[in-house]
Structures are given as structure tokens and as C-alpha cells.
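Participant: Spelled out from the first residue to the last, the chains are:
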Amino acid sequence: MPLLDHGRPVEDRFVAVADDAPLPADAPALIPFARLQREADALAGRNAALGVQVTSATHAEDIAPFLDRVTLVVVEFPKFRDGRGFTIARTLRERYGFSGEIRAVGHVLPDQYEFLVRCGFTCVAVSDGADLGVWAAALERFHVAYQPGLDTAPVLSGLRRRLALG
Amino acid sequence: MDMAVTRAGIYHYDEFDREFLRERVAEFRGQVARRLDGALTEDEFKPLRLMNGLYLQLHAYMLRCAVPYGVLSSDQMRQLAHIARKYDRGFGHFTTRQNLQFNWIKLEEAPDALAALAEADLHALQTSGNCIRNVTTDEFAGAAADEIVDPRVYAEILRQWSTLHPEFSYLPRKFKIAITGAPTDRAAIQVHDIGLLAKRGPAGEVGFEVWAGGGLGRVPIIGTKLREWLSEADFLSYMEAVLRVYNALGGRENIHKARIKILVRDVGAARFIEMVEQEFATLPREKFRLDPAVVAGIQAHFASPPFVVLPNAEADLARAVSDNAAFADWVAHNTNPHKQPGYISAIVSLKPIGGIPGDATDAQMDAVADLAERYSFDEIRVTHYQNLVLPHVRQDELFAVWQALDALDLATPNVGTVTDIIACPGLDYCSLANARAIPVAQLLSERFADLKRQYDIGPLTLNISGCINACGHHHVGAIGILGVDKKGEEFYQITLGGSAGNDATIGDIVGPAVPYDDVTDVVERIIRIYLSLRQTGENFLQTYRRAGMAPFKDALHAAA
Amino acid sequence: MQAKVKTKGTAQPLVVTANRLRDGRVVWLAEGGRWAEHIAEAKVFLGEAAETGLAEGAEAERTQLVVGAYAAEVTVGVAGPVPLRAREKFRALGPSVGVAA
Chain A
1 MPLLDHGRPV EDRFVAVADD APLPADAPAL IPFARLQREA DALAGRNAAL GVQVTSATHA
61 EDIAPFLDRV TLVVVEFPKF RDGRGFTIAR TLRERYGFSG EIRAVGHVLP DQYEFLVRCG
121 FTCVAVSDGA DLGVWAAALE RFHVAYQPGL DTAPVLSGLR RRLALG
Chain B
167 MDMAVTRAGI YHYDEFDREF LRERVAEFRG QVARRLDGAL TEDEFKPLRL MNGLYLQLHA
227 YMLRCAVPYG VLSSDQMRQL AHIARKYDRG FGHFTTRQNL QFNWIKLEEA PDALAALAEA
287 DLHALQTSGN CIRNVTTDEF AGAAADEIVD PRVYAEILRQ WSTLHPEFSY LPRKFKIAIT
347 GAPTDRAAIQ VHDIGLLAKR GPAGEVGFEV WAGGGLGRVP IIGTKLREWL SEADFLSYME
407 AVLRVYNALG GRENIHKARI KILVRDVGAA RFIEMVEQEF ATLPREKFRL DPAVVAGIQA
467 HFASPPFVVL PNAEADLARA VSDNAAFADW VAHNTNPHKQ PGYISAIVSL KPIGGIPGDA
527 TDAQMDAVAD LAERYSFDEI RVTHYQNLVL PHVRQDELFA VWQALDALDL ATPNVGTVTD
587 IIACPGLDYC SLANARAIPV AQLLSERFAD LKRQYDIGPL TLNISGCINA CGHHHVGAIG
647 ILGVDKKGEE FYQITLGGSA GNDATIGDIV GPAVPYDDVT DVVERIIRIY LSLRQTGENF
707 LQTYRRAGMA PFKDALHAAA
Chain C
727 MQAKVKTKGT AQPLVVTANR LRDGRVVWLA EGGRWAEHIA EAKVFLGEAA ETGLAEGAEA
787 ERTQLVVGAY AAEVTVGVAG PVPLRAREKF RALGPSVGVA A
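Residue numbers (my numbering), protein chains in the order written: chain A, 1 to 166; chain B, 167 to 726; chain C, 727 to 827.
To be clear, the hints were calculated from the coordinates, so they are not data collected in a lab.
Just so you know, even glycine gets a beta-carbon here, dropped at the ideal spot from N, CA and C.
Some hints here could point you the wrong way.
[To be verified] Restraint-style ranges between C-beta atoms, simulated for each label pair:
1. C/ALA775 with B/GLU655: 21 to 29 Å
2. B/GLU655 with C/GLU777: 54 to 62 Å
3. A/PRO65 with B/ALA469: 51 to 59 Å
4. A/PRO28 with B/ILE421: 56 to 64 Å
5. A/LEU132 with C/GLY824: 45 to 53 Å
6. A/HIS6 with C/GLY824: 50 to 58 Å
I would like the entire structure built from these sequences, with the hints used as guidance.
Facilitator: Written out as C-alpha cells, the structure is:
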């Protein structure tokens, strides 16, 4: 599954580790949220990077206590119509000041890419065989937005902002 | 007079707004191409086309064009007429959400139709889908004599803020906001997902009473008041807080339990308010703070048109009224008092006897545009009763306006009467409908065609929906009619006592649904019972509230 | 969208209807997998045979020809199939009301 950052494919450094499998000591590892909750204390001393994967049903406030342990939060979209992930990312950024990577996985459309970025997602995992041109173009589509996002779009006038995401 | 002055009352797009709209049309053109070549499945494409106003209905695609808070310029109305001719069958349907629907659009041509809308600074953005829909308001905004705050300013701010909102475009379900700025609620704020009453504080500053969790549909609920006062500066922050709580916690499993009203009901009003206030307290309020300069900038678009002093206009109108009984009837019903002395708002009835409520031909749209240009500072409004309004007419020109409307069959003097019927498209067009609504409205309109009788019956809202989704607002009609399907046949359930105003009430069901052929007779009997029960000065709703349901139940039983 | 039988287990004859993707027009599955604009040309299925028609509908959805294929009950008269339910009556005949005055 290609991982896109600013519309360009990047390498996924994280290794997904199953709930009960041993964690690699020196490689970035991605674990389910339940395991992070369970083993939080044991994981506190870990040196290598740690990521956590949550579902769209998870509330940002439940993730918040663990944010100092992780550098990556992966939010899973079960269906592209399930928009809870947008609120999770935005809340992690704005309320809890999380500055690590936030990644969208699951069923996400290129038509949602701009929204993801503006809500604070840094990366998105797209399905194998996806037209990466369509994904890259989605960030070039709009140059005007009507509300503040996590981007740094400068205000044009009134509520309008100059968007430059691509 | 320069353009900006003659076109006061419309939000004028500048190059940024036009750039955005062109980009949106280009995006949709690409989405249609991806759908036609199979890159997008129907399941994936559907929410994308809905957010561009495109439904797949019973016979064809339907395009719901946004009329933001019901305000149109003459040029915009002419462009809608042009689209009706070029991409549809020469007519359109004005809806209870102040929008305009075209019934026969082809998917392949839909991007061109959207591009044609954009040429006139119009769009179909978010007129459907699980997002924040077109904001509605008082059709007399900026004109009404009783207005405290002009709601168009804040409706436009909401329109912009909600346009392609990155966080709130994939909500659990659709989300409708209504705002009013007058003590008489003409925007039905208590039956919306969010309802806002703009008002003034002790120093004249603008603030808002905030309601949420109201709605019609399968589970009709009167909203909950969240705030007695919300400051203008916090307007958007608070909207963010309500929407964020809803987006995170609203039901996503069952489509029938996904509206915010169900969340408010399930967690309880007190807890819901607590959650919203907590979110409001923790979100970055500075970021969403509504700067007075931004408000002033948008307010400038809605400056009053250049009214003139008309010392003799009222006397002229009074003379014309006393000289012509038909004109007098029309003035008594189809006008609303204006804040500016010598002016008046004229209501263009789209409810001719036996006609299709809310329908207008391309020729009628063009003609109304011409009248607005000549007599109403280029301005037209769409009402949630599916009529049109010329908001700023000189009282000494009202007679000429009436004559012109009469020649177009647009001067039926029936606003607020039993023939001013709200009806959704129903099973004649809509894929969700269970029964027809339009022909029921036509039969009732013909039954009560006699003007003397209409006026004797007095003010009465008669609202018809072809299914439980309640686009015809049947729950809040003094008489409501709901189409249901009984083994493939059309039946109708009647409710009484509904209101969408300050006294918002959900109507009570009279009894079992009746077949199509009996509806007109049942309504006739309900009206007769009311006339026999009413005391001096009472209207239908007052009689019903006093007498209760019991005497009306007979209407279902008496043999036709 | 999955093709569906809204009338499972019915003893009535069935036809398969959908909307054409490109223009939304109502179409009826006819002989030879063709999608006709008039119900008179619709192929009538009896009992289990409707599954074949629905499979054709599902295939036409996969190939971007139609949207929302489903089976509807009809009676068969001299002029061909006549829908049993109000919804398909209007799909077959168009709106029962005219254009605005």
C-alpha cells in the first residue's frame, strides 16, 4: 500500500506489530490502541519510535494521555463516509498539541485528501493500484478556502484564505 | 446609480469566490468522468454528486440549485430560466428550503449546468449529502418592519464557513441551519438542526439565541435552547463546537437515528449542552473568532438599497385599494410591511388554483426577474412556503406590479390561506416517496378555489409530504398530510395542530390513513368541523388547540 | 450498488428496471440483455428466473450502464407488462402531473 506525503509516495518506516507479537527493539513499530493502553508503562522506556493505530470510533481524549509515547497516530477509516477521523486528527492537533505524524488508512477517497490535510493528517495510505496522479491532483484542486484549517493558508479577505497544499 | 448600489442586498462574488467555484465545477467534472469510466463506484460517487446537488430520482437525475438564504438577483433568476430551457424541460420547482430543483438533468450534462450556474455566481453546493446544507432565513430579511438584526449577514457568514468545511463534510447525516432576526419567527428555527435568533444586547451589540436538535422527518422533535446569548465574536467557534460534538458522537449505524436531534434526545438536553460548552471552552477560539471587520465587510453587501422619500405613496396605495376590490384582496394577503416608509414587500404566489405548488416556467422566471429589476432593486426572494417575494416595492407602484403579475398568472391572492399549500415533489418525481403529493395539492386547491370561502376559513397552513422524510413539512402544518404506502397503494395520514412559528408544535395524528380518493373529502370535513366549532376571531389552529382532537375524529368516519 | 429483489418469494411475474447511468433515464431489461426505454419491451420473468435478470442487472451496474437495478411485480396484459405498484407505474408512465401552468 503506497503511503503518500504531500501527494508524493514515501517509505513507510513503521512495522505493524500484531497485538501479541514481540516488539522490535530498534525499529519503529506500530501497535493497536488496545495494546498501547495495556502496556503503556512497559513501553515508556522504549527508545525506538512507536506508533498507535486507532479506529474512527476512538475519541481523541482517550488517546491524549498516551501522546507522549508515540510519534505516529494512524486513524482507520472503515468507510469513506465515516467522517469521525477528521475530528480525531483535528482535536489531537488543536486541543492536545500533537506534532507527530497523523496518518489516514482504510477507505479514503482522493476527493477527501484536501480535507485530511486541512484537519491535520500528514500522510495517507492509498490502495495498491490507486491512480497516484488523481491523488496528487486533489491537493492542487482548490486555491481558496473559507475557514481556518491546520494549514497555514494566509487570509485573503473576509473569511477567504489562499490555499497552497500541493 | 452604480452597480454596487442598484444590486444592494446580494452578496457580490469577487474573483476569489469565482475562482473557488470554477475549481469546484472542475472537480465535479473530473468526478463525473471517473464515475463514467468506472474509477468511482456508484457507492463512492453518490455522496460526491449529492454534495453537488445531484440526486438520482425516479425518472432522471435532479439538480437542486442553492438559493443561498433565498436571495436571488434578477440576473441570477434569468440564468436559472436559461438553465431550465437548456438543460431541463423549461420549468423548475422552488422548494421548502428556498432552493430550486430541475427534474430532468443528464449526468453527462450536469457539469455544464453547474458551470452555467457559476457564470451567475450560483451553485448547487451542499444542497444534499451528509453535510451542512443551504442555510435558510426569513424571506423578508432586510425588508421586514419588525426586523431587529439582518440575518442575511450571518447566513452568508455561515454559508462561507460551511462551504467545503474540511471537518464537517462527512457528518452522520444532513445538517440544516436556519436563522432569523425578527421576533416573529419566519424561518422555523425550532425545527432545525441548529436554529438561530439574532438579537441585540443592551448596548445594541449583536448576539444570538441558539437552538439545536429540532427537526421533522421520521422522529419530529422541537429543538432545545442551548444558549440564551452567544456573542457575535464567538458565533463560528460555537458552531464548530456543536458540529464537532455531533460529528464525533452522532449515530452512524442506523440512518434513522443519525440526526443530531436523536443524539440530543438520547444523551439528554442538559448533558448535550454540557458537552458543547466543554468543547467550546477547549477549542482554539481565537482561530475562529469572528472579527468585526469581517462582519462589516459582509454587511456592506447587504446595505439598504437607495430608497427614496415617498410622501404620497401610502395615500396612492390606499386609493388604489379602495378603487379595486381584486387588488385589495391581493394587497391584504400577498404583502408584508416594510421597514422603509412608502415601501412594501410583495409576495408572488406560485400556488395558482389547481397548479403545482412551487413550480415556475422559464418564462415566469424571466418575467419575475424583469419585474424585480424594474420595481424591486433587482432583488427576489424564495420563501419556504414555495412562493417568491419582491422585497422592496414602492407602494405607489404596487398596483402596476399586481397588474403585471396578474397577467402572468402569478397574482393569486391566496398567501396564508388554505390553497397556499406546501407540497414536496412526491411520487411523481422523488425516488424516496411513498405516495404522490402534487395531485393531492391540486385537488385540494380546486376544492377550496372559491376566494370568499378561503378568506372565511382564514389563515391555515396545509402541508403535504409524500413520505416520512417530511420535505413538505407536514408535521408543522395546521393540517398536515403524509403519504404512506399500503401494499403498493397510496394512502394518506392526516395530522392537525402543527406550527413552525414561535409556537412551534408537531401536529397530532387524526387516525388511520385514508386512500387517495378520500383525502379531499376528509380535509373538507375537517374544515367544516372547524367552522362549526370556531368562536369569534379564532383561526383554525386556535380552534383546534381549544377544542382538541376529539371533535375532528369524525372527519375520518363520516361517509363521503 | 447491489441488485436486489424487492419482491422475494412473489408469485407475480417480474420485470427488471434501473436508471441509465449517463442520463438517469428509466430503463427496462429486454430480450438479449438490452435496456429498453419502454416497459412494453421488458422481458418478463417468472419465479426463480428473475434471479437471471437481476444478475444481468448487476453486471450492467458493474459495467457502468445502469444504476439501481431491481425487480418489480407486474401483471401481463395484451399490451405487455403493467406494473402492480404505484412506484413502477410512475416509472413507466412518467409524472402524473403536467408542467407548470
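Participant: For the hint 51 to 59 Å, verify it against the beta carbon of A/PRO65 and that of B/ALA469.
Facilitator: 52 Å, holds
Participant: Between A/HIS6 and C/GLY824, does the C-beta distance stay in 50 to 58 Å?
Facilitator: 55 Å, holds
Participant: Falls inside 56 to 64 Å, the C-beta gap from A/PRO28 to B/ILE421?
Facilitator: Cβ of A/PRO28 to Cβ of B/ILE421: about 40 Å, so the range 56 to 64 Å is violated.
Participant: Indicate whether the distance between the beta carbons of A/LEU132 and C/GLY824 respects the range 45 to 53 Å.
Facilitator: With a Cβ separation near 51 Å, A/LEU132 and C/GLY824 satisfy 45 to 53 Å, so the hint holds.
Participant: I want to verify a distance hint. Is the separation of the beta carbons of B/GLU655 and C/GLU777 within 54 to 62 Å?
Facilitator: 27 Å, violated
Participant: Kindly confirm whether 21 to 29 Å is satisfied by the beta carbon distance between C/ALA775 and B/GLU655.
Facilitator: 27 Å, holds
Checked against the numbered hints given earlier, this structure breaks hints 2, 4; the rest are met.
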